[in-house]
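Trainee: The chain contents come next:
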Amino acid sequence: MGISFGSIKGWKGKAMAKGGGGLLLVALCALPVAAQEDPPDAEALLERFDQMYESTGTSARIEIEITRPNKTRTMRMRTWSQGEDKALIVIDAPARDAGTATLKVGRNLWNYLPKISRTIRVPPALMLGSWMGSDLTNDDLVRESSYAEDYSAELVGPSEDPPGWLVAIEAKPGVPGLWEKVEIVFSQKERLPVLGRYYDRKGRLGRTMRMEGIEEVGDRFIATRIIVEPEREEGKRTVLTYLHVEFDVELDESLFSLAQLERRR
Amino acid sequence: MANSTFRIAWRNLGRNRKRSALACAAIGLGQFAFLATAAIMHGYADHYFDSITGPLVGHVQILAPDWREERAVDLTLKDVDAMLAAIRRTPAVVQAAPRLYAPVLAALEEEGFMGVVVGADPAIEGSASGLLGDEALAGLLGDGKVLVGRGLARRHGIETGMELAVIGQDIDGSIASELFEVAAVARSPVDIVNSTGIVATLTDARTLLRMGDEAHEIVVHLQDAEQVGGAVAGLGAAPELAGAEIKPWKEVVPQLAGIVELMNVYTLVILGIVFLASAAGIANTMLMSTFERRRELGMLLALGSTPGRLFKVVATEAVFLGLLGVGVGTGLGVLFAALTAGTGFDFAELGGQESFEVGFQGIQVASRVYPELHGRDVLAGIAAVLVTAFAACVWPMVHIARLEPVEAMRE
Numbered sequence: 001m002g003i004s005f006g007s008i009k010g011w012k013g014k015a016m017a018k019g020g021g022g023l024l025l026v027a028l029c030a031l032p033v034a035a036q037e038d039p040p041d042a043e044a045l046l047e048r049f050d051q052m053y054e055s056t057g058t059s060a061r062i063e064i065e066i067t068r069p070n071k072t073r074t075m076r077m078r079t080w081s082q083g084e085d086k087a088l089i090v091i092d093a094p095a096r097d098a099g100t101a102t103l104k105v106g107r108n109l110w111n112y113l114p115k116i117s118r119t120i121r122v123p124p125a126l127m128l129g130s131w132m133g134s135d136l137t138n139d140d141l142v143r144e145s146s147y148a149e150d151y152s153a154e155l156v157g158p159s160e161d162p163p164g165w166l167v168a169i170e171a172k173p174g175v176p177g178l179w180e181k182v183e184i185v186f187s188q189k190e191r192l193p194v195l196g197r198y199y200d201r202k203g204r205l206g207r208t209m210r211m212e213g214i215e216e217v218g219d220r221f222i223a224t225r226i227i228v229e230p231e232r233e234e235g236k237r238t239v240l241t242y243l244h245v246e247f248d249v250e251l252d253e254s255l256f257s258l259a260q261l262e263r264r265r
Numbered sequence: 001m002a003n004s005t006f007r008i009a010w011r012n013l014g015r016n017r018k019r020s021a022l023a024c025a026a027i028g029l030g031q032f033a034f035l036a037t038a039a040i041m042h043g044y045a046d047h048y049f050d051s052i053t054g055p056l057v058g059h060v061q062i063l064a065p066d067w068r069e070e071r072a073v074d075l076t077l078k079d080v081d082a083m084l085a086a087i088r089r090t091p092a093v094v095q096a097a098p099r100l101y102a103p104v105l106a107a108l109e110e111e112g113f114m115g116v117v118v119g120a121d122p123a124i125e126g127s128a129s130g131l132l133g134d135e136a137l138a139g140l141l142g143d144g145k146v147l148v149g150r151g152l153a154r155r156h157g158i159e160t161g162m163e164l165a166v167i168g169q170d171i172d173g174s175i176a177s178e179l180f181e182v183a184a185v186a187r188s189p190v191d192i193v194n195s196t197g198i199v200a201t202l203t204d205a206r207t208l209l210r211m212g213d214e215a216h217e218i219v220v221h222l223q224d225a226e227q228v229g230g231a232v233a234g235l236g237a238a239p240e241l242a243g244a245e246i247k248p249w250k251e252v253v254p255q256l257a258g259i260v261e262l263m264n265v266y267t268l269v270i271l272g273i274v275f276l277a278s279a280a281g282i283a284n285t286m287l288m289s290t291f292e293r294r295r296e297l298g299m300l301l302a303l304g305s306t307p308g309r310l311f312k313v314v315a316t317e318a319v320f321l322g323l324l325g326v327g328v329g330t331g332l333g334v335l336f337a338a339l340t341a342g343t344g345f346d347f348a349e350l351g352g353q354e355s356f357e358v359g360f361q362g363i364q365v366a367s368r369v370y371p372e373l374h375g376r377d378v379l380a381g382i383a384a385v386l387v388t389a390f391a392a393c394v395w396p397m398v399h400i401a402r403l404e405p406v407e408a409m410r411e
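Sequences listed follow chains A and B, in order. Sequential numbering of the first sequence, starting at 1, is according to this note's numbering. Sequential numbering of the second sequence, starting at 1, is according to this note's numbering.
There may be inaccurate statements among the hints.
[Stated by the list, open to error] Derived SDA-like pairs (lysine to any residue); straight-line CA-CA distance at most 20 Å:
{"no.": "1", "chain 1": "A", "residue 1": "K71", "chain 2": "B", "residue 2": "S174"}
{"no.": "2", "chain 1": "B", "residue 1": "K18", "chain 2": "B", "residue 2": "I8"}
{"no.": "3", "chain 1": "B", "residue 1": "K312", "chain 2": "B", "residue 2": "R294"}
{"no.": "4", "chain 1": "A", "residue 1": "K71", "chain 2": "B", "residue 2": "D66"}
{"no.": "5", "chain 1": "A", "residue 1": "K71", "chain 2": "B", "residue 2": "R210"}
[Stated by the list, open to error] From the structure, some residues in chain B lie toward chain A, with a derived Cβ separation under 8 Å:
{"no.": "6", "residue": "A107"}
{"no.": "7", "residue": "E110"}
{"no.": "8", "residue": "G112"}
{"no.": "9", "residue": "T160"}
{"no.": "10", "residue": "L164"}
{"no.": "11", "residue": "I167"}
{"no.": "12", "residue": "D172"}
{"no.": "13", "residue": "I175"}
{"no.": "14", "residue": "E178"}
{"no.": "15", "residue": "L179"}
The set of hints was computed from the structure by calculation and includes no laboratory data. Yeah, the Cβ is synthetic: ideal placement off N, Cα and C, and Gly gets one too.
The shape of chain B in the complex, shown without the other chains (with noise of 0.2 Å):
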């Protein structure tokens, strides 16, 4: 008997094969725009997250107390090796990178401009994930040579091998100055350095600012983002890190992580839009197909199919109608993943500009993004689509169940 519901069903659609064709069209670009978006907004959303507890913030933050607020030199961390060595015992944490930053006014000559010296230490920052992502950038800093990032280096016609005087204050609030080397003038991933960072060793940085083993933050790389919650836990129970402020990522860029949450959201109003695109799709195709066949359902129900077995056929009908289109949508979406997921998929080159990235705020911003399908989205398409066709077929049935046999085949 399944059997049969099936052939009927299948047969039902070849009736008016165009209105199929066109009904298994609409769900199938519905889900091909669903899942296209679904797969850039996960290349975007890794893009941004990467770039947001990559270099500059991290998965969580140790700092001194007020220091993100007030940016004021003397709130520094004390005891930072032991904060250290109590860090990298904590589970799950990969790295742990203590930094000091310090407002300067810089100057070649006599001219003086703005920078920032930043103290950090070059072992950790010439990683992938540390401000340098350099390893040989980062084995010339030390001995009172410093790195000076490329924008800075470009709006002040700073070169390697150039002297550099900075003038600041120190941990008591008195004068700090001193001479640094140019070592090289580097790109660091990280925005802020590349515009206003002077990158000394974070023992020169200590010594221009008299402070002994101390920083402003520590900023901790873990081995998985899902695993900031435990590790905030395994921090604030460490003795040697009592008194600081420890802060998992969307606590210190909480701006930042509400776009990541609102790409969730933007995904599942496609997927609001798919569902009714495939409903109008689908229940406009069945309530066509059941009112044509008044007659002929009529006549059935005349001789003994029960409305239960019509149902069935109707919803099966439905039900396949959804799969199909669902099917096509679900190959486009999976080729345009596969297209594009290797070499991305540049909006700048679509528009006929040239391709950008830029840093905002801390964070990269790119044009061009490597879209990235996950199986739950496809899942999530096909599984909309089926509570779609099951809800389009309830009119329909409810037509069926108030036909009067008789008066339907007189038709």
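Next up, chain A with everything else stripped away, as it sits in the complex (with noise of 0.2 Å):
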């Protein structure tokens, strides 16, 4: 769902296809360290990456805390995703934007603004554009979809710093979109995604994502805290904590529309 935008969703088709299934990564994680220092295969560590949120219906509470230099707000939301086109996030707190909704339908988001009662369509202009204030944009909500369309994923081996395997994923020429490319390290032992970099079109580092807390939840592991640090804007940085996540319940189909939006207040 649009709110786990750390995850590389849709690159499961090649990655099954190379034999890889559910089972097969979390018994990858009982293998001893020899066969662990194996240069893994970049996909099948994307796909992990995908296994970490994938689910046909997830429904989460999240915090939300935003740093800025002289300021730090906390927002509370409640979440619904289905599948990697649909997804519901609501604002429980603070009081006075609840009520506050995010409908992601595809690549589009409207914002329902209980005080106006009205439902406003985010145009593709503003896609770049800060969600909610936060660091992350309205584009992270929507974008992760197209990554596999979009982009190309190559093992570049060990990392440092964090230590772990580097995988950069590189913008097909010709594709729109803030980053250019995108370093991930996935942690050596576990095989899961703690960092990633995202470069601009300038190829200059543009923020950085660390992934913390990684938590067993039902039959996999999860990052539950997300930390983005926009670069060379000091004291800005926004962290995502799941307070609660439950994978593969079952949503009915109607929460995600536009009517739906509308009678939630």
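Join the two chains into one complex using the hints; note that each chain is given alone, in its own frame.
Mentor: Next comes the structure, spelled out in structure tokens:
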């Protein structure tokens, strides 16, 4: 779902074809250390990333802490998502933002504003703008489903800081977007993503994303805390913490509709 | 004796009238080109200067620290009323306009588009140097009523009476949302307001952004642009403005200030060309006439004329030639300025195209210019030609000084 913005959805098909399934990946974690040091396959690692949040239906409660040079703001929200294309985020706190919602269907985003009872679609020109004042962009919420089409992946080699394997995914020529290249470091042992470095179109590091607090939720391991820090903007940071998350829950299709969005006050 | 020097010099000019007329024409053309270019440049520079220091930038700006670089909604000036009182007390200040800017997502129905809510004081912005430049328009603002820039309105089909939803971020970073009524579609003298502006009263904008007595900038207009330095010093001494950035217009828009400077340099280049054209014309004429008169000059020296007397004759001749040329050129230049100053001079129409006026980075660029002739340019042209005339005499004088009377008379 949208809020799992770090995941690189869409790699599944390719990685599965190479003989990987959920069980195999879980089994990988239990392999002896010697076997772990063999260079992994880039797509298998990205598939591992996908595994973190992939679900037919996800329900979560999330806290987002937005730090600015002279203040910190905390929002709490509930989120629901279905597959990769549909997601709904409803803000619960602070009280004055309560009820404000974001609906994602495919590459479209709508914001619902309870104070004025209006639903407004975010125009393409604003996709790279900040989502709810955080260091995440609107594009982060909708972009993931097209990484496989728009980017090509390559295993760069071992990473020293943090230790693990470095995979670089690069935008294919002519693909618009904010990021030219994303470097992802996967941990040596669990082979879970721990760090993402996002490079802009000028090849400059634009932001880093750290994934921490790996916890077992149901049949999977997920990062429960994601820290996004923009470069060259001192004092700015967004920390996203999963307070509660359930995977593979059954969600009503009608949850992801504009009518529902407006009824949901 | 002086009288006879003038007479001889004048007569000498008449010896070869064609040559003297050609030299005069070259100098005249140079002076005319210089005056016409300078007048057009002054016209442009004034136009640029007015549009730069006009409604958007002003002569001096009071800004919240870092606001100019970051444009973050929460970087505001506090206690704006006290600041305004202090600014208005400062000598030479004519007007002080507090403003707020907030990028927003706006929508009539479901489709959102980008806009900028500009919070402004209608009583000030309705004046000629205000963002709206129209008191009647400014009077429509207030109680949730806003004006929408013409370009923004045209792109999104916004009309008077429509309800406009806006979402942005308030000063705390929370979501700000409001419904406004479109009081009118406005044509602002400021390009950025036309293309993206949703102009609201300062009060309505502050309510939207949950702000108190705050603003992002205060745009100050002075009686005269020459008073910027003094005004900046005066404002800097006011305790109410401590901590705020006080920027003269040149620091706010250095690239535009550079354009104005460049125009002055361009005028100087043209003056240099006039200088060279005059020098070539006068030097050539004087050299030719001196060489032609070797025999006569030799005889005058033999009869007892001093070389100094002959120098005077040659120099007077050169000055006459220069003054004649510069007189003709000045006449033409003044005529050009007089004919075009009122109606303007349109480059686009000259090229058979339609007249235009476009905004670029907040300033207006027009194809029509109103030339403005300055007395100091006429004087600069005359001075340049006179200096050239004397300089052009040096070679003929050296020639005379070396003249052997007997040898010269034999030729």
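Trainee: Which of the stated hints cannot be reconciled with the structure, identified by number in ascending sequence?
Mentor: 9 and 10
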